[in-house]
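**Student:** Work out the full structure, taking the sequences as your base and the hints as a guide.
Listed in order, the protein sequences are those of chains A and B. The opening position of the first sequence corresponds to residue 17 in the numbering used here, with each subsequent residue numbered one higher. The opening position of the second sequence corresponds to residue 2 in the numbering used here, with each subsequent residue numbered one higher.
Keep in mind the hints are simulated off the structure, nothing from the lab. Do not take every clue at face value.
To be verified - Take a look, some chain A residues computed to stay more than 10 angstroms from chain B by CB distance:
no.	residue
1	L134
2	F215
3	T270
4	F278
Stated by the list, open to error - Between beta-carbon pairs, the in silico distance windows are:
no.	chain 1	residue 1	chain 2	residue 2	range
5	B	L15	A	F252	48 to 54 angstroms
6	A	V276	B	E102	37 to 43 angstroms
7	A	A44	B	P13	39 to 45 angstroms
8	A	L187	B	L15	41 to 47 angstroms
9	B	P13	A	V144	28 to 34 angstroms
10	A	L177	B	R36	29 to 35 angstroms
11	A	A198	B	R36	36 to 42 angstroms
We treat Cβ as the ideally placed atom computed from N, Cα and C, and that holds for glycine.
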Amino acid sequence: MKIDYFISWICQALFIVALVSGIPLVFAYHPQHAFESVQKITYIIPFGLFFRKLHYFSSELLLIFVIFHVIVELFFSYNKPKAKPDYLFGGLAFVVIVFLMFSGYVLKADQNGQSAALVAQNMIGDNVFLKYLNIFLVDSFSFYWKYFLWHIFFLPFLFFLVIFYHAKKVLPKVGFVSIALAISIISMLFLKMPKDIPFNLTPKHLTGPWFFEGVENMLKMNVNVDVAILLGFFPFVALMFYKNETRFKTVINTLLILWVVFYVTISLV
Amino acid sequence: MNRRDFLGKVLPGLGILALAFPFYYFVEYLNTKKRIEIPIDELNKPITFFDEYKIFIIKNRFGYKIFDAHCTHMGCIVNYDDKNKLFECPCHGSVFNLKGERLKGPARKPLKQLTFKIVRNNLVIG
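**Tutor:** Spelled out as structure tokens, the structure:
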């Protein structure tokens with residue numbers, strides 16, 4: 017099997033592992049008492065920590081493999097006469113995964129999660145076009161309620177929809193699910209999950225998820241919010257309008273390489 | 002009814018529900034009146050943070066000052082540094098003094114000061 021097919025199948029399998037490992041967590045999570053319920057899952061409920069870690073690492077691996085998938089497809093792709101890739105839905109699926117991971121980051125409901133949500137709401141609120149979207153995030157009663165709905169219902173549903181149009185298949189092969197489960201468990205054994213920051217601590221520094229580190233650093237440098245959003249989401253926009261036969265393929269590929277160099281650099285500053 | 006017809010009817014319904022739900026919350030949010038009452042007896046420190054309302058209340062010899070604890074840059078909750086007598090944003094590093102004025106960092110505006118009344122030994126905000 018060629019490497020590009022292998023990575024695509026692994027991506028779908030990792031999504032299934034993340035989805036299934038998230039189901040037990042949904043029953044123990046209460047948006048009204050978000051932080052307390054996360055701590056209960058982690059320290060009190062039997063196998064709670066196992067499922068939380070499995071959910072976390074399978075999602076992280078999913079994003080990493082999706083990035084591999086994009087790199088392989090754009091820069092090392094072969095001619096695929098039968099399976100014509102759909103970049104519009106592929107790009108949308110990528111965006112959905114990023115938002116799924118972001119909402120998951122918020123839902124851990126510690127100081128990092130809360131500040132990530134506040135920053136996102138303010139960034140969206142500052143943008144002329146996006147500010148109306150804040151009604152889908154901001155909640156006057158329970159801070160995490162809408163993030164919870166996005167994370168467990170709307171975004172997974174949207175993911176299945178776009179992946180169906182992108183890959184023409186929704187359910188992965190069982191063998192790949194076993195591989196995805198195995199690499200997630202191996203990651204659980206050798207890597208550590210970031211610690212939750214409770215509200216009785218006053219940390220010197222709070223941070224968002226690692227994939228938004230570049231956007232965070234741009235904000236610290238007083239870059240305009242709209243510019244930060246545009247620079248942060250450039251590859252998704254580029255992917256959605258990407259076609260193999262386009263005469264701008266080389267230009268877009270070059271811009272994407274430049275973007276990666278820029279974003280990695282600014283993330284590490 | 003076959004599966005295709007069933008999904009054709011159910012999926013648009015779910016879509017409408019998905020759009021109606023946040024709209025309902027938004028309307029409810031507009032109808033919510035925010036009024037905070039804090040007993041003055043609870044303010045036994047020069048600076049008190051109320052986590053529930055995300056506000057700082059400063060008590061000095063001139064009276065009281067109430068600041069919204071959200072940073073004016075991106076809305077993170079600022080911390081109070083008792084040693085340096087400063088408010089510091091842990092997200093992007095903006096720093097404010099006890100008057101709420103911005104000293105450094107990406108924030109451009111001072112901390113938002115809230116108006117209040119004293120009613121029956123309570124600070125009433127909003």
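**Student:** Confirm or reject each hint.
**Tutor:** These are the hints, each one checked on the structure:
{"no.": "1", "hint": "L134", "in the structure": "violated (4 angstroms)"}
{"no.": "2", "hint": "F215", "in the structure": "violated (6 angstroms)"}
{"no.": "3", "hint": "T270", "in the structure": "holds (31 angstroms)"}
{"no.": "4", "hint": "F278", "in the structure": "holds (19 angstroms)"}
{"no.": "5", "hint": "L15/B x F252/A: 48 to 54 angstroms", "in the structure": "violated (25 angstroms)"}
{"no.": "6", "hint": "V276/A x E102/B: 37 to 43 angstroms", "in the structure": "holds (40 angstroms)"}
{"no.": "7", "hint": "A44/A x P13/B: 39 to 45 angstroms", "in the structure": "violated (33 angstroms)"}
{"no.": "8", "hint": "L187/A x L15/B: 41 to 47 angstroms", "in the structure": "violated (20 angstroms)"}
{"no.": "9", "hint": "P13/B x V144/A: 28 to 34 angstroms", "in the structure": "holds (30 angstroms)"}
{"no.": "10", "hint": "L177/A x R36/B: 29 to 35 angstroms", "in the structure": "violated (43 angstroms)"}
{"no.": "11", "hint": "A198/A x R36/B: 36 to 42 angstroms", "in the structure": "violated (55 angstroms)"}
Against the hints set out earlier in the document, violations occur for numbers 1, 2, 5, 7, 8, 10, 11.
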